[in-house]
Amino acid sequence: AQKITQTQPGMFVQEKEAVTLDCTYDTSDQSYGLFWYKQPSSGEMIFLIYQGSYDEQNATEGRYSLNFQKARKSANLVISASQLGDSAMYFCAMGDGYKLSFGAGTTVTVRA
Amino acid sequence: EPEVTQTPSHQVTQMGQEVILRCVPISNHLYFYWYRQILGQKVEFLVSFYNNEISEKSEIFDDQFSVERPDGSNFTLKIRSTKLEDSAMYFCASDSGGLETQYFGPGTRLLVL
Numbered sequence: 001a002q003k004i005t006q007t008q009p010g011m012f013v014q015e016k017e018a019v020t021l022d023c024t025y026d027t028s029d030q031s032y033g034l035f036w037y038k039q040p041s042s043g044e045m046i047f048l049i050y051q052g053s054y055d056e057q058n059a060t061e062g063r064y065s066l067n068f069q070k071a072r073k074s075a076n077l078v079i080s081a082s083q084l085g086d087s088a089m090y091f092c093a094m095g096d097g098y099k100l101s102f103g104a105g106t107t108v109t110v111r112a
Numbered sequence: 113e114p115e116v117t118q119t120p121s122h123q124v125t126q127m128g129q130e131v132i133l134r135c136v137p138i139s140n141h142l143y144f145y146w147y148r149q150i151l152g153q154k155v156e157f158l159v160s161f162y163n164n165e166i167s168e169k170s171e172i173f174d175d176q177f178s179v180e181r182p183d184g185s186n187f188t189l190k191i192r193s194t195k196l197e198d199s200a201m202y203f204c205a206s207d208s209g210g211l212e213t214q215y216f217g218p219g220t221r222l223l224v225l
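Those sequence lines, one after another, are chains U and V. With my numbering as the guide, the letters of the first sequence map in order to residues 1 to 112. With my numbering as the guide, the letters of the second sequence map in order to residues 113 to 225.
Here chain V stands alone, though its shape is the one from the complex (with noise of 0.2 Å):
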């Protein structure tokens, strides 16, 4: 069964760092997610991709951060000088499109010290 893939599944980083958090959508969906969850709180969403596009973001999405699709299978979310705050697990996810299902990857769980 296809699945959404992550690495790396653990990261550490001292703050100001920059990091990059890579995903492998399923490879027939088209529209590509990042949510975070900081630790014991909601999942929160950050940002959509379509087309190469951004659709969608949210507020915390703001200019520390960045997506790209480098090739025809990975995803990247980029997070330019990490802060304390940025501590989180972050997801990718995919879906077909519509209100289909998204499709969640295992997550990467960052910490910046």
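So here's chain U without its partners, still in its complex pose (with noise of 0.2 Å):
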């Protein structure tokens, strides 16, 4: 089975800096992949970013990065230059071909 970590329930973070969003996980398949989404107030979930368990290199895209590290299972999302549009619920998830599993989910609320 499955299981994602998310330990920051909540986090404050000012317009144009950086933020670290902590995930960890723990599963014994060999092959999965692991992703970040965000949901808006407005509810809707929105696919930010995928890292492959075999890719070596960590996945970007845009101002999202994904701070793979594979023997630590964790799966960090960093947000740089937060925009005020970035304020939302984030949650890590793992897939195994079948099914995604979800963390708690972490709440970005950027200040002007």
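Heads up, a few of these hints could be off.
Cross-link-like lysine-lysine pairs, in silico, DSSO-like; alpha carbons within 27 Å at most [unchecked claim]:
#, chain 1, residue 1, chain 2, residue 2
1, V, Lys154, U, Lys70
2, U, Lys70, U, Lys3
3, V, Lys190, V, Lys154
4, V, Lys169, U, Lys3
5, V, Lys169, V, Lys154
6, U, Lys73, V, Lys154
7, V, Lys154, U, Lys3
8, V, Lys169, U, Lys73
In short, the hints are calculated from the structure, not lab data.
Both chains are sitting in their own frames, so use the hints and assemble them into the complex.
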């Protein structure tokens, strides 16, 4: 069984600063994917970034980067140059090819 | 850009009634999923569906739930006899298989009274 842990229930960040959201996971699978989704107050789930378990380079997508440390089973999301529109809930998820297992989420509030 | 769509966006029903939630996955995707999110809680997997069969289901997906692909575009979740605890946001998602990214629809917010 997969388990995703996000230990930060909420974070505040100043506009234009970077923020790191923590995610650790536990699995016995050799092949898996790690995902981050953003959920604004409107409720939809927006895909941000993906990292495969065999990918040696950390994934980047614009202002989002994933700090993947396989030995430590962590997949932290870094948001650079935070914007007011980044205020949302952020979920880390792991995929095993059949389903996604989600963490509890981290609420990010960006201050002007 | 292709997207997953869901209808209705909101549904209110009485306890014990049947509801059908509808989804149109991305057209070239082969794998379809339902998830739910009770207010303020994390997203939970319900069921995955491929080639007209359930691939995997969670403990939540009991006999009161069923899924169907009635035609080439729609994917539905039926709850036969709703309970108060079924009140949640229900998300449909789709992908092209393997460890590919699952894209989510906007969700249906179900309220059972």
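Hint check results:
1. Note on lysine 154/V and lysine 70/U: the hinted pairing holds, with a Cα-Cα distance of about 24 Å set against a maximum of 27 Å.
2. For the proposed pair lysine 70/U and lysine 3/U, the alpha carbon gap of about 15 Å is at most 27 Å, so the pair holds.
3. For a cut-off of 27 Å, the pair hint linking lysine 190/V to lysine 154/V stands: about 22 Å separates their Cα positions.
4. Our distance criterion of 27 Å between C-alpha atoms is met by lysine 169/V and lysine 3/U, whose separation comes to about 17 Å.
5. The straight-line distance between the Cα atoms of lysine 169/V and lysine 154/V is roughly 17 Å, inside the 27 Å bound, and the hint therefore holds.
6. The suggested pairing of lysine 73/U with lysine 154/V holds, with an alpha-carbon distance near 20 Å, which does not exceed 27 Å.
7. With a C-alpha separation of about 12 Å, the suggested pair lysine 154/V and lysine 3/U falls inside the 27 Å cut-off, and the hint holds.
8. Distance hint between lysine 169/V and lysine 73/U is fulfilled; the C-alpha atoms sit about 26 Å from each other, no more than 27 Å.
Violated hints are absent here; each numbered hint is respected by the structure.
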